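2 protein chains.
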Amino acid sequence: MHTSQLARRIAEGDRAALSKGISLVENQPELASKLLALTRRPPRAFVLGVTGPPGTGKSTLIDRLVDVYRRKKLRVGVIAVDPSSPLTGGALLGDRIRMSGHAGDDGVFIRSMASRGWSGGLSRAASQAVQLMDAAGFDVVFLETVGIGQSDIEVVGLSHAVLVVLMPGMGDEVQASKAGLMEVGDVYVVNKGDAEGSDSMVVSILGMVRDTKGRSPSVIKVSALNGDGLDRLEVAVEAIRSRFKRGDPSLRLRSAKEMIVQTARWDLMQRLDEEADARAEGLARLVVEGKLGVDEAAARLARLR
Amino acid sequence: MHTSQLARRIAEGDRAALSKGISLVENQPELASKLLALTRRPPRAFVLGVTGPPGTGKSTLIDRLVDVYRRKKLRVGVIAVDPSSPLTGGALLGDRIRMSGHAGDDGVFIRSMASRGWSGGLSRAASQAVQLMDAAGFDVVFLETVGIGQSDIEVVGLSHAVLVVLMPGMGDEVQASKAGLMEVGDVYVVNKGDAEGSDSMVVSILGMVRDTKGRSPSVIKVSALNGDGLDRLEVAVEAIRSRFKRGDPSLRLRSAKEMIVQTARWDLMQRLDEEADARAEGLARLVVEGKLGVDEAAARLARLR
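Chains as they are written, first to last, in my numbering: chain A, 1 to 305; chain B, 1 to 305.
One or more hints might be untrue.
Same chains, same names: a pair is fine if it fits in one copy or spans any two.
[Claimed, not checked] Cross-link-like lysine-lysine pairs, in silico, DSSO-like; alpha carbons within 27 angstroms at most:
| # | residue 1 | residue 2 |
| --- | --- | --- |
| 1 | LYS245 | LYS73 |
| 2 | LYS20 | LYS291 |
| 3 | LYS72 | LYS34 |
| 4 | LYS20 | LYS34 |
| 5 | LYS73 | LYS291 |
| 6 | LYS34 | LYS291 |
| 7 | LYS72 | LYS245 |
| 8 | LYS73 | LYS20 |
The hints are simulated quantities; they were obtained by calculation from the structure and are not laboratory data. Since the model is a prediction, treat every value here as computed from it, not as a measurement.
Please construct the entire structure, taking both the sequences and the accompanying hints into account.
Given below as structure tokens:
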């Protein structure tokens with residue numbers, strides 16, 4: 001199929017075309033850029049990032065929120081970014097399968113993206129996938145990552161609001177803080193809120209997030225499995241979504257800026273790789289001979305000309 | 001202390017100056033570049049990367065190899081790169097403390113470096129720390145990372161030879177393969193080689209690494225705790241070190257090239273960050289208004305001029 005035809009079908013909301021487009025994003029970045037240029041329009045979809053340590057129930061929670069938006073007749077996309085770490089890979093794939101309750105629903109589109117090679121490539125791919133889902137008319141797009149590393153945090157930075165999902169007794173708040181999760185959340189969810197230690201976890205999270213000036217994220221206890229607290233979570237997320245719908249520029253600019261910067265980062269890395277193929281060997285020779293320092297050689301390479 | 005004075009003291013092998021220099025590398029990259037230019041000379045130290053999943057006994061193994069080189073009267077540096085993942089951070093720090101048996105020995109210098117911010121910064125810092133240890137006259141430098149992500153793999157890429165440490169029963173070879181460990185090793189160590197499953201692990205690793213054309217890494221069973229197999233590991237590592245000492249250009253060029261490329265990557269990211277501070281907001285506005293696509297905005301930003 002020609003790229004312009006693919007772009008037209010995506011804009012018509014054709015699922016097969018969207019799926020093909022996302023594969024393009026994963027495997028043929030240059031073609032993907034062309035496709036995105038053809039589908040360009042002002043962004044409309046509300047993008048909700050969901051992150052947190054492995055095993056805290058992110059996918060179950062997303063599943064419930066998908067229900068909420070389906071009842072509002074909104075079309076919902078889910079992009080689950082599989083972590084590069086082999087330690088957690090299995091869990092997320094398992095979660096994917098659990099979410100297949102929505103598999104028969106035309107208003108729900110679920111896609112996993114794997115982390116290959118340099119992590120920056122994943123941010124770029126996730127950003128482009130979000131743009132394609134937006135172009136295909138999805139109203140809400142969930143962007144799920146496992147919050148264990150810098151690159152996962154980067155990916156959720158592409159969204160308009162970030163839910164950080166934690167759970168008492170595992171991936172505690174000190175570790176979450178080390179992973180940078182305490183700085184990125186708009187809403188903190190303590191899942192399995194009926195478990196022991198959930199109240200003290202709420203207090204502790206409140207203490208940590210209020211230290212960061214200018215932010216006042218909410219902290220909500222839920223039980224994704226039995227539904228307790230989901231109503232309050234819905235209220236919190238909908239409050240952000242109505243700011244978004246009213247056109248609050250801060251939300252839209254934050255997301256657009258992240259998409260631009262992360263894409264630019266990837267562009268530069270690509271160009272550096274090409275330059276390195278051509279010149280790094282010669283520069284390395286000079287370094288080995290002591291004629292040039294590593295930093296000076298790197299500066300020459302980074303000039304990219 | 002003035003940078004030129006610091007450089008002189010490092011070249012004299014002064015430990016306090018070296019320590020200060022590495023702090024500069026971590027906290028003041030611009031000054032570090034200046035310092036490195038002042039200490040520049042052809043690289044001499046043999047750099048041995050050691051990586052593998054958490055808990056496989058990397059530090060105990062390094063400890064034993066440090067003994068080996070100390071008996072040869074060589075000066076040994078160890079740089080332990082703490083992972084960015086909060087899931088494993090504690091273990092590595094614990095290992096640091098176990099290695100303090102060498103704490104009173106002037107011929108051994110051990111330093112941990114933490115991962116802060118963008119992972120590329122860590123590679124650059126590790127590269128500069130290795131260069132400073134070289135300048136301070138260390139003969140062998142161990143570069144230890146926890147092999148769970150792309151950035152850890154990048155860091156060991158700076159070395160002349162890579163030991164991948166695995167263990168039967170945890171972090172199995174399929175997971176190690178997913179983490180990219182099966183492509184980077186020159187020597188594979190099956191630690192706790194007396195444990196059940198170690199023989200089949202050796203066979204399985206041999207099968208996996210021989211698939212990759214042109215490489216013939218050795219696979220060695222050891223028990224770092226009771227010393228079994230360490231003699232064979234020493235032979236394997238010393239074989240690589242004698243190639244290095246004879247001036248085998250492939251080893252030196254590989255390491256120098258990685259150092260140059262990773263430093264260049266970091267340089268570019270720094271420049272992009274500055275450019276983004278100045279221009280990303282304006283470009284994001286155009287994207288939100290639908291006047292510019294994300295990719296086009298990113299291309300403008302990545303031009304860096």
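Here's how the hints hold up against the structure:
Within a single copy, LYS245 and LYS73 get their C-alpha atoms as close as 16 angstroms, which meets the 27 angstroms cut-off; across copies the closest is 70 angstroms, which misses it. Taking the closest pair of Cα atoms, LYS20 and LYS291 come within 27 angstroms of each other only across two copies (26 angstroms); inside a single copy the shortest separation is 50 angstroms, beyond that limit. Taking CA atoms no more than 27 angstroms apart as the test, LYS72 paired with LYS34 passes in neither setting, with 33 angstroms inside one copy and 60 angstroms between copies. When the C-alpha separation of LYS20 and LYS34 is checked against a cutoff of 27 angstroms, the pair qualifies only within one copy, where the shortest distance is 14 angstroms, while the shortest distance between copies is 50 angstroms.
Taking the closest pair of Cα atoms, LYS73 and LYS291 never come within 27 angstroms of each other, the shortest separation being 67 angstroms inside a single copy and 29 angstroms across copies. Taking the shortest Cα distances, LYS34 and LYS291 sit within 27 angstroms of each other only across copies (16 angstroms), while inside one copy they are farther apart (43 angstroms). Proximity of LYS72 and LYS245 under a CA criterion of 27 angstroms is satisfied intra-copy only: 15 angstroms inside one chain copy versus 70 angstroms between copies. Taking identical chains as interchangeable, the C-alpha atoms of LYS73 and LYS20 lie at most 27 angstroms apart only when both belong to the same chain, with a minimum of 25 angstroms there against 61 angstroms between chains.
Checked against the numbered hints above, the structure violates hints 3 and 5; every other hint is satisfied.
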